[in-house]
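> Top line first, the protein sequences correspond to chains A and B.
Residues 1 to 172 in the working numbering are what the first sequence lists, from first letter to last.
Residues 1001 to 1405 in the working numbering are what the second sequence lists, from first letter to last.
Do not take every clue at face value.
Ranges between beta-carbon positions, derived for each pair [said to hold, decoys possible]:
| id | chain 1 | residue 1 | chain 2 | residue 2 | range |
| --- | --- | --- | --- | --- | --- |
| 1 | A | G132 | B | Q1106 | 40 to 48 angstroms |
| 2 | B | R1208 | A | A113 | 31 to 39 angstroms |
| 3 | A | L66 | B | F1287 | 52 to 60 angstroms |
| 4 | B | S1048 | A | E138 | 48 to 56 angstroms |
| 5 | A | P38 | B | D1076 | 15 to 23 angstroms |
| 6 | B | I1078 | A | W58 | 44 to 52 angstroms |
| 7 | A | G132 | B | R1268 | 24 to 32 angstroms |
Over 10 angstroms on every C-beta distance to chain A, these chain B residues come out as not near it, computed from the model [unchecked claim]:
| id | residue |
| --- | --- |
| 8 | N1112 |
| 9 | P1147 |
| 10 | R1187 |
It should be emphasised that the hints constitute simulated quantities derived from the structure, not laboratory data.
Yeah, the Cβ is synthetic: ideal placement off N, Cα and C, and Gly gets one too.
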Amino acid sequence: MIVRAPSRSVLRAWGFALAVGSVILPALPLGGLFAQPPIPLAVLWAAYGWAAEDESSWRAPVTLILLGLLHDQMAGGPYGLFPALYLSAYLIGRVAAVVMSSPNLLSLWGGFAVTALLTVAIARVLAPLGLGDNVSVEPYAEAALITTALFPFVRPLYMSAGSASRPQPGVR
Amino acid sequence: MARRRSSVRRAGAARKITPGVLIAIVALVGAGALVFTHAGRNAGLVQSTMQAGDDGAAVAGRSATGPLRAGESVFDRIGAMWDESARIQRLEQENRDLRAWRDLAQRLAERNARYEALLRMPRDTFGEGADVEHSIAAQLVLDSGGPFMRTLVANAGAVHGVRVGYIAVNENGLIGRVVSVGQQTSRVLMLDDYNSRIPVLGEASRVRAVLAGQASHPPELYTAPFQQQNPRLDFIVGAQSLREGERIITSGDGGLYPRGIPVGQAHRDSDGSWHVSLAAAQRPIDFVRILPYAGMAAPEATATPNEAPPLNSTSTVASIGRNTMAPPPTLAPTPAVARPRPATDPNAAAPPQPLQPTATQPAPVTAAQNHPPAQTPPREPTQTPPATAPAASPAGGAPPVGTPR
Chain A
1 MIVRAPSRSV LRAWGFALAV GSVILPALPL GGLFAQPPIP LAVLWAAYGW
51 AAEDESSWRA PVTLILLGLL HDQMAGGPYG LFPALYLSAY LIGRVAAVVM
101 SSPNLLSLWG GFAVTALLTV AIARVLAPLG LGDNVSVEPY AEAALITTAL
151 FPFVRPLYMS AGSASRPQPG VR
Chain B
1001 MARRRSSVRR AGAARKITPG VLIAIVALVG AGALVFTHAG RNAGLVQSTM
1051 QAGDDGAAVA GRSATGPLRA GESVFDRIGA MWDESARIQR LEQENRDLRA
1101 WRDLAQRLAE RNARYEALLR MPRDTFGEGA DVEHSIAAQL VLDSGGPFMR
1151 TLVANAGAVH GVRVGYIAVN ENGLIGRVVS VGQQTSRVLM LDDYNSRIPV
1201 LGEASRVRAV LAGQASHPPE LYTAPFQQQN PRLDFIVGAQ SLREGERIIT
1251 SGDGGLYPRG IPVGQAHRDS DGSWHVSLAA AQRPIDFVRI LPYAGMAAPE
1301 ATATPNEAPP LNSTSTVASI GRNTMAPPPT LAPTPAVARP RPATDPNAAA
1351 PPQPLQPTAT QPAPVTAAQN HPPAQTPPRE PTQTPPATAP AASPAGGAPP
1401 VGTPR
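With the hints as extra help, turn the sequences into a complete structure.
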């Protein structure tokens, strides 16, 4: 019996569903288990993976904007905070995809860890502007840490480990 | 040659900004500006958009979680069957202990009531100033959903009479305050949100403090919906008097919260800081009561000289018609035999006046109007202490407003 591996589009659809779920589930009254953290920020996976795979399409950033606005709506605002975080992850991922000439799982993981860390720094700057000085990014950092730890398990949903589909330096 | 041209084109294309990146950069700048200018939160259009979104999300969330909530109770019952006998034994033991505590509590309550009657102490009422009788019942339908805020969405909005500033409580205690109101829903800022700062009071020690939300996430995984974390107590005045396990209530300072709403119990951490385990979080928060509360006006704004104080039945302010302490020597020199008070003291001899509270119950407003003018002329300028009198005389010796001396 031959089991065919799911196609790339199917994996991408599952990845998108996971990203949407990570935005909506914490808002539903399902208990602390579904709060954020411990629920990972799956949109960060999507932003990083789509940045590496989806080279020039407008769909990835627009989807990230919409998911960010949805997250802002669910979290009670302010509008713009989560889109900024997700788009920065996308742009960092774009830079990382060009820089990594021979990507493997470890370098992808490391790149994602750096991306998540940078989004924490951006959140540290933006969150007090929108939510006041009392706000802490500690829960966001925890969620980013959990997201980074789980990255290898969900990586196939967002990007392939091979370098075929990723842009190389100086080559398209 | 063609091959060479192609490679040149590719190399040049790598330096071009793709549409996706361009969109991302523009949108990132826009999002940052939205947050930076606070327009993402406070602007009228954004506010109404967010409230409309809350209304829609509340309906969707309620529908999505309905079956799951119904199933929760079934699973709980099935789970409880496993250790039923042990649970019954534990409950019986707890019941025996509680009976002993109940007897003790009843005796102490009776004694306390007698002391209060002797001292004419005003009672701590629940939510003084709030319109408890006209509270609005609602159900929580959405959680905050993000790592930055701790808010809840209740399915009662402007059409139900909810306004910004109303207080959300459940059967156990305070949950938070309404910060945003849509047509069908309202958003409640929880006590453990980072931006939540409320003045509180130790019920026994009367120590005042500020309850500061911190929304930290301890390693435990809470399985109850709308679980609240334990906020921190800051700016404690007289912290040495605060007791472990003491009940914490709202103090009403600042006028944002009514006084006397149970908040939780104080607990001291190993590092010396105090936390409050929230009373509202004892059980999963589902149904809430939203109490209409408009705050209290400053005395300067409502000053009406030569009039009796606007006492009502919900106030804990007691107007004491009979002196419970010796008057100051400058006004009425008291001989050594003044304690116990002689029978010739006009206040002591006076019959019970309507303005006097019976035991601990404050007097209604109509009582002052029905009072005979010969004994208590509340609107008489010569009898009523002037506005500057309390400031000029010692606080303890100032006569109660609206009562004869």
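> Hint by hint, say whether it matches the structure.
Hints, verified against the model:
1. A:G132 and B:Q1106 have their C-beta atoms about 47 angstroms apart, which keeps the hinted 40 to 48 angstroms range intact.
2. Here the CB-CB span from B:R1208 to A:A113 is close to 46 angstroms, at odds with the stated 31 to 39 angstroms.
3. The given range of 52 to 60 angstroms is broken by A:L66 and B:F1287, whose C-beta atoms sit roughly 34 angstroms from each other.
4. Separated by about 32 angstroms at the C-beta atoms, B:S1048 and A:E138 break the suggested range of 48 to 56 angstroms.
5. Between A:P38 and B:D1076 the CB atoms are about 22 angstroms apart, so this pair conforms to the stated range of 15 to 23 angstroms.
6. Separation of B:I1078 from A:W58 is about 51 angstroms and conforms to the stated range, judged on CB atoms against 44 to 52 angstroms.
7. Here the CB-CB span from A:G132 to B:R1268 is close to 28 angstroms, well matched to the stated 24 to 32 angstroms.
8. The claim that B:N1112 is not at the interface with chain A holds, since no C-beta of that chain comes within 10 angstroms of its own (minimum 39 angstroms).
9. Against the 10 angstroms criterion, B:P1147 falls within the reach of chain A, whose nearest CB is about 4 angstroms from its own CB.
10. A beta-carbon of chain A comes within 10 angstroms of the beta-carbon of B:R1187; the shortest separation is about 6 angstroms.
In this structure, the earlier hints numbered 2, 3, 4, 9 and 10 are contradicted, and the remaining ones agree with it.
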